[in-house]
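**Q** Each chain, written out:
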Amino acid sequence: MASAPSSLEQRRQIGAAILELVSARGYAATSEDDIAAEAGVQRAGFDRLFAGKEDCFLQFYDEFTADFNRATFGAYEGEGTWRQRLRAAAWAAANWMADHPREVRYGTIEMLAVGEAAQPRREATLKRCVQMIDDGRLELDDPDSVSRSVAEGALGAIAETLMKNLSRSAPAQAEELVPELLYLAVRPYVGHDSALEELSIGRPAREP
Amino acid sequence: MPTPAGKQKLPKEVMEAHQRERVLNAAIEVFAKRGYPGTTIDHLVDAAKIGVGNFYALFGGKEACFIACYERVVTETRVQIEAAIPAEGDWALKAREALRALLEVLEAEPLRARLALVEVQTAGPKALAAYEGTLESVIPLLAAGRKESPYAKELPQRLEEAIAGGLAWFLQQRIVVGELGSASERLPEAIEIVIEPFVGSKVAAKLAK
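Quick mapping for you: the protein sequence lines, in order, are chains L and Y. Sequential numbering of the first sequence, starting at 234, is according to our numbering. Sequential numbering of the second sequence, starting at 185, is according to our numbering.
Same shape as in the complex, but just chain Y (with noise of 0.2 Å):
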């Protein structure tokens, strides 16, 4: 006889994604709470309420979960970045929306913050790939803003590279020791960093207001 279809079980795929979600968010927290190297599969499993049975098969183990959580970071605040970014304008307003939105995403979700800055940087050799990779995926963006700067084909061919580290290192540094402030604190520094090299201070200075 068929089960009738209300009571019918949800597909293990369902089940196993429902339990992979609520495991991430739980881990995203714990490793940005006792850092990388102080977090154990024990931390984790007592979170996430999960068997340690349960973590491996959805894991492997800490390190993958890690960079789960650090993709999954990654991932949201890129949705959310885009989502921010206005469809018309020229580079340099459009780049000053993608920074407003990065900066209140970290103003907003601290320890994601940590997680994606900080705590990466000790996970190892492959959550150290990933982070670079990070980087490396915002070049392309930086770099049209060669198109309207003045100073075009003048510019370092590193300078995009060098840009992006930049920014993410000064944030880093903020959030180590504690005082990564307010969105509108640190946009005008953001742009500074980010945005001033391609357009110069005059134009920066405008979209700093």
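So that you can see chain L by itself, here it is in the shape it has in the complex (with noise of 0.2 Å):
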């Protein structure tokens, strides 16, 4: 006779199911027994290692947003100028999205769903990806004569146009939005002509 799956197992296939489930069918319409029964797993094995719906979806959120950061933020840390860093970041999230569609829409749109619990998580990333953007101003020479809430527009506005873009039946491309929204995110700091680089300088080559 076979053996029960191990919780580690187990835990990895309700990961899988609840990223499958919510992001076919939205947080709300998904329940305990859904994802259960999705990753085939007994519903007790559930509750053993989850306290609920909303702790599942959380800690999984967790796992993805590590991720995500992992490739963003480790961009972010590499050598050289802040606009070079930033490009890099830029290039590292937008491909990290395009590897992981059911994981954007699980940590944006349906993260909205879960209500108040999800907000200090949201917050935490957020504040780091206004961070980045908000270093341009160390390359001012007034650093206070840009407020920080250009940062938070500017993020805003990429956060808005990659949802908007999600959505579309025809998105598009990285190549086409980046180069826009790295304008957009550098130009407070470094000026219209400078920022104006950014839409010719296309896509990285990718690691292998």
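The set of hints was computed from the structure by calculation and includes no laboratory data. Warning: the hint list may mix true and false statements.
[What the hints assert, rightly or not] In silico DSS-like cross-links for lysine-lysine, where the CA-CA straight-line distance does not exceed 25 Å:
| id | chain 1 | residue 1 | chain 2 | residue 2 |
| --- | --- | --- | --- | --- |
| 1 | Y | Lys-310 | Y | Lys-217 |
| 2 | Y | Lys-196 | Y | Lys-246 |
| 3 | Y | Lys-246 | Y | Lys-217 |
| 4 | Y | Lys-246 | L | Lys-286 |
| 5 | Y | Lys-217 | L | Lys-286 |
| 6 | Y | Lys-331 | Y | Lys-386 |
None of the values given here were measured: they were computed from a predicted structure.
If you follow the hints, you should be able to join the two separate chains into one complex; please do so.
**A** Rendered as structure tokens:
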């Protein structure tokens, strides 16, 4: 007789199941029983690992976000000027999103349906993204001449453009979007003329 | 015998419109306070003091009711903004007055602000499409800024779309963490986000004063 799968294996199966269900039918329409059934585990097995649907959702949200953060902020921590590092981070984020469309939906639109408990987590990632853009102030003679809200607005423009693009039947390619969004992000710090350079810099070669 | 004019019953359509009005006002408050996922039909009918059957006859369900609330908030806000835009003046000035009016509505009506910027995102694909439609409707108004822009044709193609989304997102984040603040505090920031990309920092700084 085959032994029951380990808790770790069950947890992995539940992660795959909640990702599938939430991205297909939405958080609100997904129940604990649905998740257990999709994962092929007993409901009791689910209950041993998670306090409930919200707990389960948030635990995997944390995992997906950590993976996104590693890719994006890892690229930002590399060598180069602020603009080069921001560009590297933008392409790393774009590549991650292209490779993980279901996780993107899960972590953005569906995350909003979770309510209060989700908020502090969202904030943490967004703050780090705003910080990357806001670092552009250090390039200025007078860093106080631009407020942090400019970086928030730029990140918002990026986030909304990407979200809207996700819901399109024929989404624009990253090759088109990323340079325009980079223009928008660096413009407040380097000025229009210099920012225009972003529009003629293409996608860097992807590592195999 | 004809009924005396004064005692005539109100026509059915008038009654319905009146009732719809009352339910929408109550529903906007319920959705904003409880959040879309946390709102039930019972919450809505209790707040609106209406029978469940009547509720379904008017809206057909929770999602349709939410979308009617959303559209009402957007339409009324738009009317207030349009009334605030001066007939004379350049694009940048008109845009500033439009932003000021928007921020004043959001400050005065925090529940409506929450419904139109935050809850709309959690209310399903139709609501999300309505929200995207609102952002899209702003694009031509922003695009008029290109005519006054020294950068004119070099500006990226999706600039307006990005700016509309950027402002909405910026405000949404503030509401979510509960600190939208006053219209006068937010106005200089909104000018930087919306107007500056077209006219440059010097003109924008003057407008923000």
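**Q** Work down the list of hints and note, for each, if the structure agrees.
**A** Here is what the structure says about each hint:
1. With a CA separation close to 21 Å, the supplied pair Lys-310 (chain Y) and Lys-217 (chain Y) stays within the 25 Å bound.
2. The suggested pairing of Lys-196 (chain Y) with Lys-246 (chain Y) holds, with an alpha-carbon distance near 23 Å, which does not exceed 25 Å.
3. About 15 Å separates the Cα atoms of Lys-246 (chain Y) and Lys-217 (chain Y), which keeps this hinted pair within 25 Å; it holds.
4. Straight-line distance between C-alpha atoms of Lys-246 (chain Y) and Lys-286 (chain L) comes to about 23 Å, which keeps the hinted pair within the 25 Å bound.
5. The hinted pair formed by Lys-217 (chain Y) and Lys-286 (chain L) meets the criterion: a straight-line CA distance of about 23 Å does not exceed 25 Å.
6. Between Lys-331 (chain Y) and Lys-386 (chain Y) the alpha-carbon distance is near 17 Å, which keeps this suggested pair within the 25 Å criterion.
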